[in-house]
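Heads up: the sequence shown begins at 1 in UniProt numbering, then just goes up one per residue.
A portion of the hints provided could be inaccurate.
As the list claims (entries may be wrong) - Calculated lysine to aspartate or glutamate pairs in the EDC-like style (CA-CA distance at most 20 Å, straight line):
# : residue 1 : residue 2
1 : K43       : E20
2 : K14       : E64
3 : K58       : E47
4 : K29       : E45
Keep in mind that the hints were calculated from the coordinates and are not lab data.
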Amino acid sequence: MSTAFILLDVDLGKSAKVVEELQDIPETKYVYTVYGVYDVVIKLEAESIQHLKDIITKKIRPLEHVKSTLTMLVVE
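Using the sequences and the accompanying hints, generate a full structural model.
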């Protein structure tokens, strides 16, 4: 099992919409709206690092209102 935390910068006022869309992704375990440089933090769990990469590049980054992402892979 591979785990990653993804920080998202989203368009102003669109965090709630992005959170709803992220909750529809089965590998999403937690979604938090936060204050600071980033607006949303996600915890993903997938069967492999390649699967995580596919989710991030094909399902999360293309979401409307997602401006940028920062991915942190859990190593322990």
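To see whether the hints hold, each was checked on the structure:
A C-alpha spacing of about 14 Å is found between K43 and E20, which places the hinted pair at or below 20 Å, so the restraint holds. Note on K14 and E64: the hinted pairing holds, with a Cα-Cα distance of about 9 Å set against a maximum of 20 Å. Between K58 and E47 the alpha-carbon distance is near 16 Å, which keeps this suggested pair within the 20 Å criterion. With a C-alpha separation of about 7 Å, the suggested pair K29 and E45 falls inside the 20 Å cut-off, and the hint holds.
Violated hints are absent here; each numbered hint is respected by the structure.
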